[in-house]
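Trainee: Sequence:
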Amino acid sequence: MDPSFTVRPYASEVDLPRLVSLVQDAWSPERQPFANFHIGDLFWRLRDPECETRLFLWERGETLAGFVEWDVTEATLEVQIHPRFFGRELDSAMLRWAEEQAGDSLVTTCAADSNEPFLSLLASRGYTKQQDGTNHHCRPISDVPVEIPVLPEGYSVRSLHDASEIAARVKGHQSGWQSTKLTEERYRRLVGMPEYRTDFDLVVVAPDGDFVATANVWLDTNGAGLFEPLSTAPAHRRIGLGRALLRFGMEQLRLARARSVWVASVLHNPAATALYESVGLSVVRRDACYRKSAQID
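Numbered per our numbering, the sequence shown finishes at 297, counting up by one with no gaps.
Honestly, I wouldn't trust all of these hints.
[To be verified] So the derived label-pair ranges between C-beta atoms look like this:
{"hint": "1", "residue 1": "E195", "residue 2": "E59", "range": "20 to 28 angstroms"}
{"hint": "2", "residue 1": "A274", "residue 2": "D132", "range": "19 to 27 angstroms"}
{"hint": "3", "residue 1": "K181", "residue 2": "D210", "range": "15 to 23 angstroms"}
{"hint": "4", "residue 1": "E277", "residue 2": "D132", "range": "37 to 45 angstroms"}
{"hint": "5", "residue 1": "T6", "residue 2": "A256", "range": "31 to 39 angstroms"}
{"hint": "6", "residue 1": "A271", "residue 2": "T6", "range": "42 to 50 angstroms"}
[Claimed, not checked] As a list, the in silico EDC-like pairs of lysine to aspartate or glutamate whose alpha-carbon atoms are at most 16 angstroms apart:
{"hint": "7", "residue 1": "K181", "residue 2": "E50"}
{"hint": "8", "residue 1": "K129", "residue 2": "E116"}
{"hint": "9", "residue 1": "K171", "residue 2": "D208"}
{"hint": "10", "residue 1": "K171", "residue 2": "D210"}
{"hint": "11", "residue 1": "K171", "residue 2": "E185"}
These are computed hints drawn from the structure, not numbers from a lab. All C-beta atoms in this analysis are idealised placements derived from N, C-alpha and C, irrespective of residue type, glycine included.
Given the sequences, and given the hints that come with them, work out the whole structure.
Mentor: Here you go:
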């Protein structure tokens with residue numbers, strides 16, 4: 001490891017404001033190719049307390065130069081570097097560190113197609129491109145109100161009222177993602193995150209009162225909004241609920257004076273791409289996964 005940098009685990013909530021500040025600097029004034037996290041990504045992941053054990057801070061003196069999310073079980077690395085330290089020096093140190101931590105496992109990381117310096121570094125260290133990756137969709141937010149489409153009879157779209165609806169909100173998320181990983185305890189942890197807002201906690205209510213489509217929206221100090229996550233229950237898909245939820249969220253962002261809105265989807269998911277393009281969210285960036293395939297010092 002480069003001796004000019006020190007690495008330490010995420011210590012506690014006192015580190016969170018520093019990570020948030022770094023992430024927002026990487027989006028200023030617009031998203032940079034090395035900006036891999038939005039504050040919404042960070043907050044959403046931290047709903048799970050175990051995420052704290054995967055975060056490592058890289059410091060030079062008292063200055064936070066960057067951080068990584070390192071999953072030792074999967075040998076996956078996600079890198080976020082402050083603009084002042086962008087370049088091969090810190091990138092290389094982070095990769096070497098992860099490779100040492102991984103032992104016999106092969107490290108997998110991701111990079112934007114436009115991040116040429118990092119792509120060059122990955123190639124020099126024996127990383128090869130994989131089939132997996134992420135599309136990043138974006139559109140500007142104007143001053144013109146966003147029209148909300150008419151929903152089928154009995155359905156409505158709105159923001160969460162208050163904490164009394166958390167149980168129903170969690171149930172809606174579980175239904176949409178067909179997973180019980182999100183619990184009420186974890187959702188209450190999410191609600192406690194610094195930038196959480198109830199007006200950005202969105203739901204579609206079915207005729208029977210259930211929440212059948214849900215989304216969280218996040219807004220940073222650069223005016224960049226993010227949907228993370230968003231889902232619709234399988235029994236209520238293909239009737240326009242996801243589109244209505246997106247447009248309602250964009251109107252909430254407009255009222256909050258956002259300048260742009262982003263959402264991510266996995267590569268090779270034509271249904272998600274079609275949904276996002278239907279509300280003007282075009283693919284503006286692609287990230288691919290890269291896996292180390294050779295031992296290079």
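Trainee: For the pair supplied as a hint, K181 and E50, is the alpha-carbon distance within the 16 angstroms limit?
Mentor: holds (13 angstroms)
Trainee: K171 and D210 were given as a pair; does the straight-line alpha-carbon distance stay at or below 16 angstroms?
Mentor: Cα-Cα ~9 angstroms, so holds.
Trainee: Does the Cβ-Cβ separation between E195 and E59 fall within 20 to 28 angstroms?
Mentor: Check passed, 24 angstroms falls within 20 to 28 angstroms.
Trainee: State, for the Cβ atoms of A274 and D132, whether the hinted interval 19 to 27 angstroms holds or is violated.
Mentor: holds (20 angstroms)
Trainee: I want to verify a distance hint. Is the separation of the beta carbons of A271 and T6 within 42 to 50 angstroms?
Mentor: holds (45 angstroms)
Trainee: Is K171 close enough to D208, meaning Cα to Cα at most 16 angstroms?
Mentor: Distance of about 14 angstroms is within 16 angstroms: holds.
Trainee: Given a hint of 31 to 39 angstroms, does the C-beta separation of T6 and A256 actually sit inside it?
Mentor: Given range 31 to 39 angstroms: holds, Cβ gap about 38 angstroms.
Trainee: Compare the distance between the alpha carbons of K129 and E116 with 16 angstroms, and conclude whether the hinted pair is satisfied.
Mentor: holds (14 angstroms)
Trainee: Holds or violated: 15 to 23 angstroms for the Cβ distance of K181 and D210?
Mentor: holds (19 angstroms)
Trainee: For K171 and E185, compute the direct alpha-carbon distance and say whether it is at most 16 angstroms.
Mentor: This hinted pair holds, its Cα atoms lying about 13 angstroms apart.
Trainee: Does the hinted range 37 to 45 angstroms hold for E277 and D132 at CB?
Mentor: violated (21 angstroms)
The structure is inconsistent with hint 4 alone, although it conforms to all the rest.
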